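Sequences are here, hints too, so could you generate the full structure?
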Amino acid sequence: MLGISGAAFAHHSFAVYDHTKTVNVKGTVTKWQWSNPHAYLDIEVKEGGAVKHYILEGTSINMLQRTGWRSNMIKAGDEVKVVFSPLLNGDPAGLLLEITLANGEKKELPVPAANTFKRTPEKE
Amino acid sequence: MRTHRSLAMIAFFALVPVSGRAQSAANVPDITGSWERARDASIPAQGQPPLKPQYLKEYQAKLQSFREANQQGKPIADHVVMCLPDGMPGMMSGPFPLEILQSKGQVTIIEEAYTQVRRILLDREQKPIDEVEPGFYGRSVGHWDGSTLVVDTVGIKESVQYTNIPHSKDMRIKERISLGANGLLRDEITIEDASMLEKPWTFTFGYRRMQDYQLLEYICEDNREYADEKGVQQIRIEPAKK
Chain Z
0 MLGISGAAFA HHSFAVYDHT KTVNVKGTVT KWQWSNPHAY LDIEVKEGGA VKHYILEGTS
60 INMLQRTGWR SNMIKAGDEV KVVFSPLLNG DPAGLLLEIT LANGEKKELP VPAANTFKRT
120 PEKE
Chain G
0 MRTHRSLAMI AFFALVPVSG RAQSAANVPD ITGSWERARD ASIPAQGQPP LKPQYLKEYQ
60 AKLQSFREAN QQGKPIADHV VMCLPDGMPG MMSGPFPLEI LQSKGQVTII EEAYTQVRRI
120 LLDREQKPID EVEPGFYGRS VGHWDGSTLV VDTVGIKESV QYTNIPHSKD MRIKERISLG
180 ANGLLRDEIT IEDASMLEKP WTFTFGYRRM QDYQLLEYIC EDNREYADEK GVQQIRIEPA
240 KK
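Chains as they are written, first to last, in numbering that gives the first Met the number 0: chain Z, 0 to 123; chain G, 0 to 241.
Just so you know, these hints were derived from the structure itself, not from any lab.
Here are the simulated lysine to aspartate or glutamate pairs, EDC-like style, with alpha carbons at most 16 Å apart:
1) G/LYS156 with G/GLU132
2) G/LYS73 with Z/ASP17
3) Z/LYS51 with G/GLU237
4) Z/LYS25 with Z/GLU97
5) Z/LYS105 with Z/GLU78
6) Z/LYS30 with G/ASP221
7) Z/LYS30 with G/GLU237
8) G/LYS61 with G/ASP77
9) G/LYS168 with G/ASP129
10) G/LYS73 with Z/ASP90
11) G/LYS51 with G/ASP169
12) Z/LYS45 with Z/ASP77
13) Z/LYS45 with Z/GLU78
14) G/LYS229 with G/GLU67
15) Z/LYS51 with Z/GLU78
To list a few chain Z residues with every Cβ distance to chain G over 10 Å, as calculated:
16) LYS20
17) VAL22
18) ASN23
19) THR27
20) VAL44
21) LYS45
22) GLY47
23) SER70
24) ASN71
25) LYS80
26) LEU100
27) ALA101
28) ASN102
29) LYS106
30) PRO120
31) GLU121
Given the structure is predicted, the values throughout are model-derived calculations rather than measurements. Note that beta-carbon positions come from the ideal geometry of N, C-alpha and C, so glycine has one too.
Quick look at the structure:
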């Protein structure tokens with residue numbers, strides 16, 4: 000028991016994110032930061048007349064590589080669709096759970112305990 | 000000092016029968032290669048760590064404060080947020096792959112996350128703890144006892160804690176690393192710390208060989224998470240430089 004909870008503690012916490020809902024938006028990539036400890040995706044989303052900048056945290060790029068991701072799958076200017084768990088404090092950032100790439104391919108991120116994030120159905 | 004060490008070395012080798020050493024070399028298994036954590040070969044520690052009552056109380060209070068902080072969505076920043084590696088024995092828990100290299104007089108273990116490296120010096124005597132500067136990996140010496148690699152490690156910084164369990168500078172980590180007939184590797188770890196533990200604490204990590212896997216590089220390069228002045232994990236909210 001302790002060994003298992005210990006393993007959970009070995010990873011840093013995703014408790015800053017809202018586990019009860021997800022946000023589904025389309026946006027334009029401004030940066031795909033291929034780095035450790037985590038990758039980051041910066042996107043700009045049109046909301047009403049304004050453009051809002053979101054910072055989306057991914058997983059370690061080592062985990063991404065082991066599950067078939069490559070650094071060149073995303074680049075600045077790409078139009079993507081993302082599903083993310085928003086920050087609880089309302090700041091424009093989130094944990095990236097899923098992305099639909101510019102070529103239409105949909106990919107899940109290898110987020111530990113991804114099933115603990117309740118998905119909000121996408122509005123058509 | 001040199002005389003002292005030479006005498007100690009003679010005394011050390013005098014205790015080891017030469018025939019036994021030669022025989023054990025023939026039994027040394029090939030454990031070189033990449034390994035990933037195998038839960039089915041692991042034996043987690045049972046119950047709480049056997050800390051002395053006052054330290055157990057502090058440890059439990061700390062875990063409780065972490066749980067409450069998580070429930071409030073304000074987690075306490077841990078070493079990952081600080082871009083710091085696990086150190087020993089945490090690196091052996093291997094959430095990321097391990098690579099083991101056997102060379103003359105040394106077994107080297109690399110953990111992919113944070114490119115953590117530990118060197119196990121073979122057939123060397125351990126130094127007194129006070130002569131080892133405290134660090135993340137300490138000083139490890141080992142020898143093959145038949146087909147089991149027996150390792151002794153001292154010199155772990157008190158701030159380097161496996162799953163937040165406190166320890167003193169006198170902590171000693173003993174390991175028995177062996178390859179099972181099923182091909183699974185096991186590292187039985189026993190923590191000895193007479194000042195903080197009531198008795199030694201043992202748990203086992205198991206590993207499965209990864210065929211054709213080369214460890215990837217891992218540099219903790221730009222974490223946009225940080226610890227604020229209260230030690231709470233935050234994310235830098237500013238658009239990235241393009």
